[in-house]
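J.: Chains as they are written, first to last, in my numbering: chain A, 1 to 500; chain B, 1 to 398.
The hints are simulated quantities; they were obtained by calculation from the structure and are not laboratory data. Beta carbons are placed, not taken as given, at the ideal position from N, Cα and C, and that holds for glycine. Do not rely on the hints blindly, as some may be mistaken.
Which chain A residues face chain B? A few, computed with CB under 10 Å, are given here [what the hints assert, rightly or not]:
| no. | residue |
| --- | --- |
| 1 | LEU362 |
| 2 | CYS366 |
| 3 | VAL395 |
When the alpha-carbon atoms are kept at most 30 Å apart in a straight line, the in silico DSSO-like pairs for lysine-lysine are as follows [unchecked claim]:
| no. | chain 1 | residue 1 | chain 2 | residue 2 |
| --- | --- | --- | --- | --- |
| 4 | A | LYS498 | B | LYS312 |
| 5 | A | LYS363 | A | LYS392 |
| 6 | A | LYS193 | A | LYS159 |
| 7 | B | LYS374 | A | LYS498 |
| 8 | B | LYS133 | A | LYS392 |
| 9 | B | LYS133 | A | LYS498 |
| 10 | A | LYS498 | B | LYS55 |
| 11 | A | LYS3 | A | LYS312 |
| 12 | B | LYS55 | B | LYS374 |
| 13 | A | LYS392 | A | LYS193 |
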Amino acid sequence: MIKTDVIIIGGGATGCGIARDLALRGIPHCLIEKGDLAAGATGACHGLLHSGGRYAVSDPVAAKECYDENRILRRIGEKCVERTGGLFVRLPGDSKMFRERFLRGCDDIGIPTEILSSTRALELVPNLNPALEEAIVVPDCSIDPFRLCLLNMKTSQIKGGLSFTRHRVVEIVRSHGRCIGVKAADVYTGEIKEIHANILVNASGAWTDRVARLAGCEVPLTLSKGSLVITNHRLTDMVINRLRPASDGDIIVPNEAVCLAGTTSLLVEDPDRIGIEPAEVDTIIGEAGRMIPHFNSTRIIRAFSGVRPLLKSQKLDSREISRGFQIIDHQNGLYSIVGGKLTTFRLMAEKMVDTIMAAFNLKRDCETAERPLDGQEELSGYPLNKRLADMKNIVCECELVTRGDVERIIEQTGTRHVGDISHRTRLGMGPCQGGFCTFRALGIMHDMDILTAEQSVQSLREFLERRFRGIRYALWGDQLREEQLVEYIYLGILALGKHS
Amino acid sequence: MSVIAYDVIVIGAGAAGLTAGARLASEGLRVALVTAGEPTACLSTGCIDVCSAGKNPPGGIADLPESHPYHRISATALRESLRNFQTIAADLNMPYTGDADRNRLVLSAIGTFKTSCLVPVTMRSSPQSAEEKVHIVTFAGLKDFYPGYILARLENAAFSTYDAGVSTTMGIAANFEDDTFLEAFILWLEKLNIRENKIAFPAVLGLESAASIVDKIEKRLERPVFEIPTIPPSMPGRRLFNVLKDHFRRQGGIIYWGWPVIGVEKADRQIEAVRVESQGRPMSLNARAFILATGSFVGGGLWARRETIVEKVFDLPVFVPGDRDDWFVQDYFSGNHGIGRAGIAVDAAFRPDGCPWDNIFTCGAILAHVEALKNGCGHGFAIATGEAAARSCLEYLR
């Protein structure tokens, strides 16, 4: 059995942020995550570091939080934030009244804005719809959520924090009505680890209610699914927002070599069973295409969705529900933290750890806003030039990942999951979506004795099924053509079947 | 614009187009073939799959749904087409083993068994069961071949690694065409003292000399040798393409290579010419009849838009399997994706259904209702429908 002070359930941005904050305040802790870090909504979002502009009209409190956090993250996380800047574009027919309210809202909160003529906007982003009326500049940025989580966990590691990914909490251990620990099962081996602590933090996002129920508690949530599409190249170097009340498909974010566009907002019941409707994909492309017409002819390599865990509300349109967050004290040693958004994850973690410190009757101020994220010196930003310098043994041609990169990640993490390699190297994230390189990555894992050949084949099968769920909603044109080739390779040439 | 007149223009350089073209040229017609580039045959295993799902081909074909284009061809015609192919391939030093009525197995690069019908002689000795004792030889740095996958499934297998100095499929194959390299390689093999009864290699044993390289290794090592097909780029696929291409040229056929069709010229019920992109100015190729063998999606014959599927050269009516949501089913491995049925539906003479022109004949993977992957209808289907479309075209022209 392992003993610690605080157990964090959930390895999204919030959980990782809490681990970093606890580490900096000297509190022993252990993070448990059933998948990889950033596997839930954190990794399934735009990667937009909001300036707050999006909420300036509808939710000034959230907007203010976003703007403050935006400035903090730009400062402490320069290697996972790209200072793209953002535009709110007004197209013909978009309300001028909303523009006035938007500018006034930003002004009240202190978000800096600059109004650009359509000519000036087109100089900045040549792919914009030439019919636009005007654009307003805001300090939006793009952020790499996988890297963000890894860097937060780096601090935890340095300070001796524990973390177990691919471990599912199967039981919350209770004694005299208090939660005193968890039992977590290794999702590969089924082996159970029992971990005890004084305080348990439930930061499991869309799964918060399920986890709370293990302790006999409830957290009523509204689950709102947001779908996104990814293009195979970068159509804009700035974040593009539509200047109108929040609606489907009104944000486009450049991220490394690709662009993400979304989202939709549909209520769902079960976070483990979410699909994408073809109509959602068409809506996003149609709306994104109004802002950047090239969207209609660009290759879409993948569509995916994440689930926003929003505080329960009677409001039917989930966009009207506050993006603010809440800490729930279940009065039995368990706390749940829900709501919020990627941009404000650090603030949420700070408030959560303030609560924990009060419960422990300890005093130490939060330092997460001042200290740069640990581990950034090893990163080089978007290291294309570095990667091109080593062209030997490329295993992922789309993203230029070498056999050495793959071997290093396997050595560092001991992972048995090809997704973990992707999150750390971008292997399989390009146009072929892992069609060629996954076979190689798994072969390398077998060469290194991480997996048996049977496990490699099984992983390959699971990968193909997972990959297919991601791409099947964006299959037409070149992407469908490539998919047919990949299907021929695995099912035809390699004769891989469900059971063979 | 320059104008050149032929009897028949074939569009597409895969197994279907080259077979149809060669048949027509052998009957004394003036035949030209236009292609945008290398066919998908070059990506294939080089094996001739006739009907790999279920029973041996005659029974397997009988079991296919009524709409399947195989039912437009008699069993005798199918056998004749395949026998004809075997004769051609043997004449061009790439013999194919097997007979049209019986499927056989080919060991894959992940240790599964792929069902095929005629196989290149370099795969003749591929094991037919997982019990056979096999020694696998791989090459240092070859990134698309991991013997570990196979070792897990063949209980009696072992492996060794040879450093060929290069690590790509094409590079190693080019080395094998050099006698000095081959000799050094064989000496190395002899020193291994291999105990297993068969020796396996990824399919990199040369390009045009593959059959004689395998033969030489077999004689020196005194045991059967076979190749395991790899993922693209695939040497056996390229060898198959070369055989069909050389045969077509020997019959007098002309190939316009790398010139995609960019337009058609039509009059009433006839297509008169196709315009192809060429260096400098577009060129018009006139003909009395046209064979469309541009393949499915990968080959580029079909193109999926967001709302429908189109045929790229003549904009022929396409059988579209429902709305976009119906093109794929949730279960990746089910083999029941609607998209497999997309294509050009044809009549008994392989003329496209609903086509406003009388002089187009269609064959190969572009045909509707084939479900190539699910039914294992590969090059065998292409060769048989290529011959059939050529016969109809010949009748039409006479």
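J.: Run every hint past the structure and note whether it holds.
T.: Results of checking the hints against the structure:
no. : hint                 : result
1   : LEU362               : violated (51 Å)
2   : CYS366               : violated (46 Å)
3   : VAL395               : holds (6 Å)
4   : A/LYS498 to B/LYS312 : violated (34 Å)
5   : A/LYS363 to A/LYS392 : violated (53 Å)
6   : A/LYS193 to A/LYS159 : holds (22 Å)
7   : B/LYS374 to A/LYS498 : holds (13 Å)
8   : B/LYS133 to A/LYS392 : violated (35 Å)
9   : B/LYS133 to A/LYS498 : holds (26 Å)
10  : A/LYS498 to B/LYS55  : holds (20 Å)
11  : A/LYS3 to A/LYS312   : violated (34 Å)
12  : B/LYS55 to B/LYS374  : holds (13 Å)
13  : A/LYS392 to A/LYS193 : violated (41 Å)
The structure shown violates the earlier hints numbered 1, 2, 4, 5, 8, 11 and 13.
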